[in-house]
Each structure stands twice: as structure tokens, then as C-alpha cells.
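> Sequence lines, in order, name chains P and W. The first sequence maps to residues 1 to 255 in the working numbering. The second sequence maps to residues 1 to 254 in the working numbering.
The set of hints was computed from the structure by calculation and includes no laboratory data. Check each hint, because a few of them may be wrong.
Now the in silico label distances, taken between C-beta atoms and shown as ranges [unchecked claim]:
hint : chain 1 : residue 1 : chain 2 : residue 2 : range
1    : W       : T182      : P       : R29       : 47 to 55 Å
2    : P       : T255      : W       : A90       : 55 to 63 Å
3    : P       : F32       : W       : E240      : 50 to 58 Å
4    : P       : L175      : W       : D131      : 54 to 62 Å
5    : W       : E235      : P       : E11       : 36 to 44 Å
6    : W       : A90       : P       : M1        : 45 to 53 Å
7    : P       : E11       : W       : T182      : 30 to 38 Å
When the alpha-carbon atoms are kept at most 27 Å apart in a straight line, the in silico DSS-like pairs for lysine-lysine are as follows [claimed, not checked]:
hint : chain 1 : residue 1 : chain 2 : residue 2
8    : W       : K23       : W       : K202
9    : W       : K201      : P       : K30
10   : W       : K201      : W       : K60
11   : W       : K190      : W       : K60
12   : W       : K89       : W       : K23
13   : W       : K125      : W       : K190
14   : W       : K201      : W       : K132
15   : W       : K111      : P       : K30
16   : W       : K123      : P       : K30
17   : W       : K201      : W       : K40
18   : P       : K30       : W       : K218
19   : W       : K40       : W       : K231
20   : W       : K125      : P       : K30
21   : W       : K23       : P       : K8
22   : W       : K218      : W       : K231
23   : W       : K254      : W       : K218
24   : W       : K78       : W       : K123
25   : P       : K30       : W       : K94
26   : W       : K218      : W       : K201
27   : W       : K81       : W       : K231
28   : W       : K94       : W       : K78
29   : W       : K128      : P       : K30
30   : W       : K202      : W       : K190
31   : W       : K60       : W       : K231
All of these numbers come straight from a predicted model, not from anything done at the bench. We treat Cβ as the ideally placed atom computed from N, Cα and C, and that holds for glycine.
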Amino acid sequence: MLRKAWNKQAEEIGNQVFFISRFSHNVFRKGFEWNEFLRQCYIIGYRSFPLVAITGFILGFVMTLQSEPTMKDFGALSFVPGMVAVSIIREIGPVIISLICAGKIASSIGAELGSMKVAEQIDAMEVSGANPIQFLVVTRILACIIMVPLLTLMADGLAIFGGYVASNIGGNLSLSLYFNKAFSAVGFSDLLPAFIKTIFFGFAIGFVGCYRGYNSNRGAASVGLAANSAVVNASLWVIVIDAIAVQLTNIIVYT
Amino acid sequence: MEERLHIADKHTENIVVEMQHVKKAFGSNEVLSDINMQLKKGENLVIMGRSGQGKSVAIKCIVGLLEQDEGGLKVFGKEVKDLSENELKALRVKVGFLFQSGALYDSMTVKENLEFPLTRVLKLKDAKEIDKHVHEALEGVGLVNAIDKIPADLSGGMRKRIGLARTLIMNPEIMLYDEPTTGLDPITSKEISMLIMNLQKKYQTSAIIITHDMACAKITADRILIMDGGKFIAEGSYEELENSPDELVSSFFK
Numbered sequence: 001m002l003r004k005a006w007n008k009q010a011e012e013i014g015n016q017v018f019f020i021s022r023f024s025h026n027v028f029r030k031g032f033e034w035n036e037f038l039r040q041c042y043i044i045g046y047r048s049f050p051l052v053a054i055t056g057f058i059l060g061f062v063m064t065l066q067s068e069p070t071m072k073d074f075g076a077l078s079f080v081p082g083m084v085a086v087s088i089i090r091e092i093g094p095v096i097i098s099l100i101c102a103g104k105i106a107s108s109i110g111a112e113l114g115s116m117k118v119a120e121q122i123d124a125m126e127v128s129g130a131n132p133i134q135f136l137v138v139t140r141i142l143a144c145i146i147m148v149p150l151l152t153l154m155a156d157g158l159a160i161f162g163g164y165v166a167s168n169i170g171g172n173l174s175l176s177l178y179f180n181k182a183f184s185a186v187g188f189s190d191l192l193p194a195f196i197k198t199i200f201f202g203f204a205i206g207f208v209g210c211y212r213g214y215n216s217n218r219g220a221a222s223v224g225l226a227a228n229s230a231v232v233n234a235s236l237w238v239i240v241i242d243a244i245a246v247q248l249t250n251i252i253v254y255t
Numbered sequence: 001m002e003e004r005l006h007i008a009d010k011h012t013e014n015i016v017v018e019m020q021h022v023k024k025a026f027g028s029n030e031v032l033s034d035i036n037m038q039l040k041k042g043e044n045l046v047i048m049g050r051s052g053q054g055k056s057v058a059i060k061c062i063v064g065l066l067e068q069d070e071g072g073l074k075v076f077g078k079e080v081k082d083l084s085e086n087e088l089k090a091l092r093v094k095v096g097f098l099f100q101s102g103a104l105y106d107s108m109t110v111k112e113n114l115e116f117p118l119t120r121v122l123k124l125k126d127a128k129e130i131d132k133h134v135h136e137a138l139e140g141v142g143l144v145n146a147i148d149k150i151p152a153d154l155s156g157g158m159r160k161r162i163g164l165a166r167t168l169i170m171n172p173e174i175m176l177y178d179e180p181t182t183g184l185d186p187i188t189s190k191e192i193s194m195l196i197m198n199l200q201k202k203y204q205t206s207a208i209i210i211t212h213d214m215a216c217a218k219i220t221a222d223r224i225l226i227m228d229g230g231k232f233i234a235e236g237s238y239e240e241l242e243n244s245p246d247e248l249v250s251s252f253f254k
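Using the sequences plus the hints, can you model the full thing?
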């Protein structure tokens, strides 16, 4: 029983490695699908923007509201903008936005490719002599690699603005003072590792969505399963990559 | 002796697809147990059999979508299993495959669907030339008006015809039809069957047609093979099989 489960797991890992190698083999191949890539950037980036923007704004807003009373007790109210900015940029922004993206993007890629597989559209593409990995997979993964970090950066900015709005509910703080306080606490060493980690999050979201959709079984139920397992696995990948990235950042940047 | 060799060469030249003792299993489920068949140039071969007998699996092996576990499968004299990636791609250009559902790309219009193989596989760049091919293909299936529609707005019959146009735009030498008339009304079914016949006459294409539709088989078949239990159990013309003493074979014609 245990052996069977282990064999299945090993096979799964093997398939994923094989899929990554097919992706990387096709990235630099002649005939890059620019139009499809831009279309995917539009779908993944622009269409996710409202959700990500609202989430980002509320993150900063809520964090400020929650931390103000405690900080006030310590007489450290002036540290709130800096604290919110650092925690949003270094950790909460990338992780929460990537988890939101995993739910929005990985599921839609999983469902779209899954239904294409069920309707034999991927087979039709392959049989016509075209390259479905180059057209469907490479474009989506690259679009995720580019758009998830950009979405995160925009959400970070909106979160800091959300913090400013929250500070002004109970007090009267000028925008320039708030942003001065916030950015003086943030260094390049906070932004860069977080940005690099979102590139990996973007890859994970695109890859898992494509892998689950592309390898879904036949039948309508498998489309739902592909979308569901894409979200679950992409979220797990994001959290695991985050743990590794934070550890690496601590070793490289802060020691 | 030389003359005999020449005749043998001519014989193999005429065979475009050859399957010998092909076996294929999915896990413990053996789908193809011993498949032997030959498709001659310019011939319409109809394969019939109950559902789930592996007919689609057999034709998917021909284009390398699935790989047989055992046995030989030659297309244009070359073993499909041994082809390199580029050789397989070249083979697929010569072999058209019409899927049961038409398999149109949902996110693209009819025009973009038809342009897809032209720009990606044949690498055509001239917009006028591409337009000409697209119009010709749509005229061939009588659906020029549908050029800007998306697949969701098309009926089942229209989708199959557009799917056929998308396959034929590449001028394939072999056509594989997976249930081309299933789910269509008798009039549209007959139209599609006639279309298959016209294509054979016009382009001299060889075709394997998987169908349960007796009217389609009667119109299109030069030869019929009947599959059961993962192998072919009967072979002959429509009339020969109709009068077969075998109960299973004759039951298809009742």
C-alpha cells in the first residue's frame, strides 16, 4: 500500500520534471507566440488587477488599524507606517497576492487547458503538426512570471496607501509625511528579495495551472478536478517556495 | 526475377498505412489485442465495431498520439515509433485527423482556427495567400458565411465541417475520420458523407473512416473492417458483409 503510494508520488514528480523540461526546451525555440503571450499578459495581469488592487488596499488598511492601538500603548505610533510598509513589502504582499493569484489564475488556466484536453483540442493541435506546448504552455507560464511580480508591486503600493487612509480615520496625517515615514523604513534589501521571490511564485502558479490542465483526464469531471488541484497545488508551492526563499534571504542578505 | 521485384515494390508503394500485430493496453485493460490491416492509396476504408472496442485508439496510434505496446505500424513505409520529432511533425502534416467533436479551438474565430495550421505549420506569412486558402477551404465545406463566428455559435454539423476544412487546408494525403457523422441528423450526415467522397475523388486522398452510421458506410466505403475484442473479425465490401453468415457482423447491417 505504502509502496504503491510512493511509486505514484515518484511517477508524479517524474512527470512534473519532464513537463518543466518540455517547457524550458520550448521557451527559446524559434517561432515564439508573441500575440498569444500578450493576450495572456492581458488576461492574467489586467483582468486580475481589480481583485489584487482591492486585496492590497485592504491589507494595508486593516494592518494599520489593527496595529495602531498596540503601538499607541508603547508610544510608538510614528513607527506604524514603517512597520506596515516593511511587513507588506517583505512578506504579506508577495504571499497574499500570490495566493490570490493562485486562486484566480491557476484555476482558470487549469480549467481552460483541462477543457481543451477533454474537447480534444490539444490533440488536434498536436496532430496538425503545431506545437501545443509552445502555444499554450510557454505563453501562459511566461505571462505569469511577468505579471505576478508586477501585480504584487502594484498591490504593495496600494497597501501602503491603504495604511495612509486608515491612519487618517483617527488622526490627521499628511500624505507626504506618511510616505516619508513608510519609505524611510524600507530598504532595497527588503524589496529585491521579495521581488525575486514573486518571480518564482509566478512560475509556480503558471506551471501548476498548465501541468494540471494539460494532463487532466478525459471527461467533464476532470476539468473541475484539474482546476481544483491547480489551486491547491499552486498555493502549496507558493508557501513552500516562500519558506525556502525567506531562509535563503536571511542567509544571503541579513548575515 | 527483376519483374517480380518490381511488382513487389509497386505493391508496397501502394500501401500507405500498414499495421502488423499491433497491441495496446491501458494498465490491465487490453484494448488492441492483434490488429492487422493495410490501407491502400486512394482507398476509403471504413472501420466499424461496438463502442469502446479501440477503434479510435488504433487511428490515434497512426498519427503518434498514442504509441503501440507491440507490433509494427508503418505510415508511408516508415515505422511511426522510430520517427524523430521533426519526422513525426512532417508525417502529421501529411495525415489529417477529424476528431469526433470537430475539436475547434474555442478561443479563436473560424478564420483564426483555419489560419492556425497555415501560419504555425506551413509558416505562411503573406496575408493574401492565407486568406485565399481560408476562403477556398470554407467554400469546400460550404460555410464561407461562418468565417467570423466563434465555435460556440456553430451547430454540431457546422463544427464538424469547419473541423474538416481546417484539416483539409493542409492538403493531407491520408484522412482519418473519427465518427464524422455521429450525433448529426440524417440529412447533414449524408452531406458529410458526400463531402468525404468528393474529397477522395478530387484529391485522391486515402481515408480511414470510423463510423457506426450505416448510411455513411454505404456511401463512403470501398472496404469495411469490423472490429471486436481488440482485433478485426471480418473484412469485405458493404454488400459482402451485409450477407455475412456471422451473426455479429450481419447485426451491424440490420
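> If a hint holds in the structure, say so; if it does not, say that too.
Outcome of the hint check:
1. Distance hint for W:T182 and P:R29: a CB-CB separation of about 37 Å, inconsistent with the stated range 47 to 55 Å.
2. For the pair P:T255 and W:A90, the beta carbons lie near 56 Å from each other, so the given range of 55 to 63 Å is met.
3. The supplied range of 50 to 58 Å is met by P:F32 and W:E240, whose beta-carbon atoms lie about 54 Å from each other.
4. Taking 54 to 62 Å as the suggested C-beta distance range, the pair P:L175 and W:D131 conforms, at roughly 56 Å.
5. Taken as a hint, the range 36 to 44 Å holds for the pair W:E235 and P:E11, whose Cβ atoms sit roughly 40 Å apart.
6. Evaluation of the 45 to 53 Å hint for W:A90 and P:M1 yields a pass: the beta carbon distance comes to about 47 Å.
7. Range check, P:E11 to W:T182: Cβ separation about 35 Å, and the 30 to 38 Å hint holds.
8. The hinted pair formed by W:K23 and W:K202 fails the criterion: a straight-line CA distance of about 35 Å is larger than 27 Å.
9. Distance hint between W:K201 and P:K30 is unfulfilled; the C-alpha atoms sit about 38 Å from each other, more than 27 Å.
10. Straight-line distance between C-alpha atoms of W:K201 and W:K60 comes to about 25 Å, which keeps the hinted pair within the 27 Å bound.
11. For a cut-off of 27 Å, the pair hint linking W:K190 to W:K60 stands: about 25 Å separates their Cα positions.
12. For the hint pairing W:K89 with W:K23, the CA-to-CA distance comes to about 24 Å; that is within 27 Å, so the pair holds.
13. Between W:K125 and W:K190 the CA atoms are separated by roughly 37 Å; this puts the pair beyond 27 Å, and the hint is violated.
14. The straight-line distance between the Cα atoms of W:K201 and W:K132 is roughly 22 Å, inside the 27 Å bound, and the hint therefore holds.
15. Proximity of W:K111 to P:K30 is assessed by CA-CA distance (about 24 Å); at most 27 Å being required, the pair is judged to hold.
16. Taken as a hint, the W:K123 and P:K30 pair is honoured in the structure, with Cα atoms around 12 Å apart against an allowance of 27 Å.
17. Restraint check for W:K201 and W:K40: satisfied, since their Cα atoms lie roughly 15 Å apart, inside the 27 Å limit.
18. Among the hinted pairs, P:K30 with W:K218 is inconsistent with the structure: their alpha-carbon atoms are about 46 Å apart, more than 27 Å.
19. A hinted pair counts as satisfied when its Cα atoms are at most 27 Å apart, and W:K40 with W:K231 qualifies at roughly 19 Å.
20. The suggested pairing of W:K125 with P:K30 holds, with an alpha-carbon distance near 15 Å, which does not exceed 27 Å.
21. Between the alpha carbons of W:K23 and P:K8 the distance comes to roughly 25 Å, so the proposed pair stays at or under 27 Å and holds.
22. Using a Cα cut-off of 27 Å, the hinted pair W:K218 and W:K231 holds, with the two alpha carbons roughly 22 Å apart.
23. For the proposed pair W:K254 and W:K218, the alpha carbon gap of about 13 Å is at most 27 Å, so the pair holds.
24. As the CA atoms of W:K78 and W:K123 are separated by approximately 25 Å, the hinted pair is consistent with the 27 Å bound.
25. Restraint check for P:K30 and W:K94: satisfied, since their Cα atoms lie roughly 22 Å apart, inside the 27 Å limit.
26. For the given pair, W:K218 sits about 16 Å from W:K201 by alpha-carbon distance, which is consistent with the 27 Å threshold.
27. Distance check on the hinted pair: W:K81 and W:K231 sit about 20 Å apart at the alpha-carbon level, within 27 Å; holds.
28. Restraint check for W:K94 and W:K78: the C-alpha separation of about 13 Å stays at or below 27 Å, so the hint holds.
29. Taken as a hint, the W:K128 and P:K30 pair is honoured in the structure, with Cα atoms around 24 Å apart against an allowance of 27 Å.
30. Proposed proximity of W:K202 and W:K190 is supported: the alpha carbons are some 18 Å apart, at most 27 Å.
31. Restraint check: the Cα-Cα separation between W:K60 and W:K231 comes to about 16 Å, which is no more than 27 Å; the hinted pair holds.
Violated hints, listed in ascending order, are 1, 8, 9, 13 and 18; each of the other numbered hints is respected by the structure.
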